[in-house]
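Each of the two chains sits in its own frame; use the hints to bring them together as a complex.
Those protein sequences? They're chains R and P, same order as listed. Here the first sequence stands for residues 1 to 337, where the numbers follow our numbering. Here the second sequence stands for residues 1001 to 1288, where the numbers follow our numbering.
Think of the hints as simulated: they come from the structure by calculation, not from any bench. Hints may be right or wrong, so weigh each one.
[As the list claims (entries may be wrong)] Calculated pairs, BS3-like style, for lysine-lysine (alpha carbon to alpha carbon, straight line, at most 25 Å):
| # | chain 1 | residue 1 | chain 2 | residue 2 |
| --- | --- | --- | --- | --- |
| 1 | R | K74 | P | K1270 |
| 2 | R | K114 | P | K1270 |
| 3 | R | K334 | R | K145 |
[Said to hold, decoys possible] Far from chain R, some chain P residues (derived; all Cβ distances over 12 Å):
| # | residue |
| --- | --- |
| 4 | V1103 |
| 5 | D1144 |
| 6 | K1151 |
| 7 | S1191 |
| 8 | W1194 |
| 9 | D1213 |
| 10 | I1231 |
This one's a predicted model, so the numbers in the text were calculated from it and none came from an experiment. Heads up, the beta-carbon is just placed ideally off N, CA and C, and yes, glycines get one too.
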Amino acid sequence: MIQILLRDKLDDCITRWHAAGYDVIGPQKNNNVTRFAPVEKASELDLEIILTDRTVKELFFPQTEPMFRYRIGKQAIDTEEYLPPGRKRIIFGSRPCDASAMAIDDPLFGWDFKDTYWFQRRNETVMVTIACTESDDFCMCTSLKLAPDSPLGSDIMLRPVAGGKGWHVELLSERGREAFDRIEALLDDSAAEKEPIANVPKRFDLDVCREWLADPENFESHFWKEISIRCIGCGTCTFLCPTCHCFDFQDEGDTYSGIRRKNWDSCSFALFTMHTSGHNPRSTQSSRWRQRIMHKFNYFPGKFSMNSCSGCGRCSRQCPVDMGITETLQEITKTAK
Amino acid sequence: MTEKTNNGRQNIYKPAIMKIVDKRDEAPGVKTLRLEFLDPLDHEMFRLHYRTGMFGLYGIFGEGESTFCVASPETRKEYIECTFRQSGRVTSSLANSEIGDLVTYRGPYGNRFPIEEFYGKNLLFIAGGIALPPTRSVIWSCLDQREKFGKVTIVYGARTVADLVYKHELEEWQNRSDIDLVLTVDPGGESPDWQHHVGFVPTVLEEAAPSPDNCIAVLCGPPIMIKFTLISLRKLGFQEENVYTTLENRMKCGVGKCGRCNVGSVYICKEGPVFTAAEVSKMPQSDL
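Next up, chain P with everything else stripped away, as it sits in the complex (with noise of 0.2 Å):
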């Protein structure tokens, strides 16, 4: 088998064992680890492959394996971080794990986003919720190359305070001059000193109102915010095709034989997980 067609692997459902080196928890059962392969060869393959938008089934042998993004940029390949909730029986296994333990991983699967194809551009930044994660590889993977960009615009919601994940990086967004970060958390989310924005995402986007001149929207978040934000972005004229999303679907095997992840002819797991919001309407939308 060749290097290039099964990530130097005999046998693709092999996972690689990953060390839980970090684990921080980022919200009411959302829970951030950061892992490190104990296989150089692994690691090795991974660091030839990974680009920012694909990913990986994470698993606990005896439970079983499932999907998430790669939340790590791909400009920091030294380890893996995802941020997951915790939900079924492999995810409440990964959130039970210590920092310490073993896990398992396969990938890094799928498409990614096309990052040069955005250089010289504004980008504008949109996630709900548990969706951040995946906006924020992007954002990381841009940030370290911070030069190649123009305006950066992050506009993050989610239903509470609590809700909102990566709190320390939120921060550290803030803090910065060369962002705009808008937050904002649903009506009744707010608390007694939140300074933010309470409302729901697109109707504050559009309050925000970035202009869509040279810009490329990264949109993530749960299917009905995807929809409203996508009604909100035309408004603000963007065209479909300069706003990237990613779709998930159950997964098994991860590189498009197990026959359950496809929309229409679409396979997320090989085609996807990044789209166009072009590409996404093409889709049997009652497949979604």
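Bound-form chain R, shown alone (with noise of 0.2 Å):
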């Protein structure tokens, strides 16, 4: 039986999660930029648009948080934590993509060590994912052994059925068993046609670059000085990727009373890695911009088995200066062959 929620049921839907506990998150436009918010009703969400400019990672790992208070006595330094508040919640509308970026990021923030800043906040949120039809020229999920439709990341998937009157609703994961259930009543078992996924063509080929890579002796190729020559080291690229997961500590106050906060970083920047001595790792934007790529498609898979990349393209759709992983791939391609 095709359970299809119907788009004019989906007020119903977000009243039936509000009155189970869940906040309802979905895209919406503001100020020119989309991005993740709460929503009310169904009219604010904006579910035409392929891909949010700004990823679901801010939810799960927001741009800076708190993360302790601090005030210091002579005899005890009090400090109260901040943890994610705990409530359920429901991101609606996210695309395979930023779901799988999510997964992706899973082992990172949990091996050996766990941050509990992410897990709490993984553990108490549902992805509603709705399966791509439409794709543009900067989508690039299909290079990266992914596609318009991938599960991975997604609790419920939904797929656009013909003439957008709605969405073919599947139940993927337990964690999503409870949002289901509540909507179950809702949905409609009329037959209905499912709408072709996007076709998104491949743009590089992953195997030979990740065989590349591998080969030490590209390590020092001339190869990474001129395809980085345009980089700015603004950090756009990895403040919009949804895999990026470096950050800083940062205090805010003095050294009586103040809070320590987790913040975004880049490895585009210069001083992510400089020693206090002056001494730099990585001193050149080339070595910096190897760096991400190297992490995303070599170091990171050798841990995880999955590469740091679910092909979002936004890394190429934002940069100032047109480069990003996507030309980078290709270049590999061609010089590799």
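See below:
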């Protein structure tokens, strides 16, 4: 039996989820930027866009978040923890690339030592993903061996049905069970044709690239200087990347009281690796771009058996100097062949 | 969260609070702090997890955290000693703290020196300048069970006599008959009453010519010293597998997540900081 969530039932759906204690978060356009934010009703959702400008990453790993408030006394230091609020959430309308990216980062935040901030939010969040039936020139999920309907990281998958009247609903995980049960009564079992998923062409040969990156000789290749010569080190690609996870700690306050925060950081920045002595192991922009590519397609897969890239294409889409992962891997594919 | 995976902490970024119980000037700008845990549970976790070679993140709220080794040995877990050069915001703040003040600590993190594998072997320790602290942690771990090891040789050099750290311990080692201590300062760094060698560590090491037979070398120092000392060790016949060293890089989390301390694919915070020279030579050298 095919179960269809009709578009005009979306308000009922959100109401039922709210009644069950879920916050519902979906894509919205605000000041010309599309990102995920809490919604009260369906009309606030912007479901037509292919991909939001900002990723769902910030819902699990905010750009800045307080970890502790500290107060320093003579006999004791009082630290008060700020942990995530512990509310059940449904992220409605994320795309498979963003949902996959969250699953890709799970082992990183969990290897050996577990990051409470990440996992508390992951555990309380149901990802309701919409499979893509459209793509743009920057989409590259298929080049990463993922797809416009990859189930990785999603708890419930929605596939648009022909005519745009709703979505075919599929429960993918136990974590999505309660959210699914709450709306099951709303689902329509009329037969409807699923729209075909987007045709995203292959933009580079990942296997060829990974083999080239694995060759120690290529680490010193002049290629890195040429490919990154335009890079201005702004960090946009890393901040807009759903899998980029690098962070920094900063204390706001003084040595009596204040807040220790966890902030996004970027391997594009020279200060990222600078020693106090002045020595910097990644002292050039090309060494930093090499680190980014090597990390995503060599180091990370070596540790966690997944590429640290889900092919959303935001790095290329938003780069102010028109470079990105796609261009680099296309060039490597050419160089290696 | 299990004790094993998170050092007993639910929040891995939450530091333990420690009290400064002793403070020593080692050399110009170099200080040692002895720290004790306020919370017995934090102390218990440290006892459980700490092995020589591991590091910690020491800090002052309002300034931040800095990474350095635990300079005290695994045979003495009542306290933590750390030795550091005052150079940035955090280290300046730590250096200006007084006995009785409170500081933060996270750790111990990283891997360790496999000391049991050194049982029955001769030990050669080589250190330069401010890199004696990580070496000293291994030295005392071995000296505290001296009978398990063969000959112990320590080669230590600094730029000037004033820059030698742990001077009181050097004197103690000097007076022990079961340790060969070779001290040197760079040419021009000697004082009028200096009784020991004048010359760079690699040269002095080659003159001392310790035998590589059944010997483990532990080498810590600035990169340039390591580079040339490795050449000397090779000349003396040491295999890279028998030479241990420690690497350092900027760190924020200490637990493999913040993304900055890797050399090639190797995360210094998790797979290091202790490596054999053979392991280091496999890393991309331009990333060091």
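Evaluated hints:
1. This hinted pair does not check out: K74/R and K1270/P have alpha carbons roughly 34 Å apart, beyond 25 Å.
2. For the suggested pair K114/R and K1270/P, the alpha carbons sit about 14 Å apart, so the restraint of at most 25 Å is met.
3. In summary, the hint linking K334/R to K145/R is supported, as the alpha carbons are separated by about 19 Å, within the 25 Å threshold.
4. Listed as outside the interface, V1103/P is inconsistent with that label: its C-beta sits roughly 9 Å from the nearest C-beta of chain R, within the 12 Å cut-off.
5. Annotated as non-interface, D1144/P keeps its C-beta farther than 12 Å from every C-beta of chain R; the closest such distance is 29 Å.
6. The beta carbon of K1151/P is kept farther than 12 Å from every beta carbon of chain R, the shortest such distance being approximately 34 Å.
7. At roughly 26 Å from the closest C-beta of chain R, the C-beta of S1191/P stays outside 12 Å, upholding its exclusion from the interface.
8. The beta carbon of W1194/P is kept farther than 12 Å from every beta carbon of chain R, the shortest such distance being approximately 27 Å.
9. With 12 Å as the threshold on Cβ separation, the claim that D1213/P sits away from chain R holds: the shortest Cβ distance comes to roughly 33 Å.
10. Once the 12 Å rule is applied to beta carbons, I1231/P is consistent with being away from chain R; the minimum gap is 21 Å.
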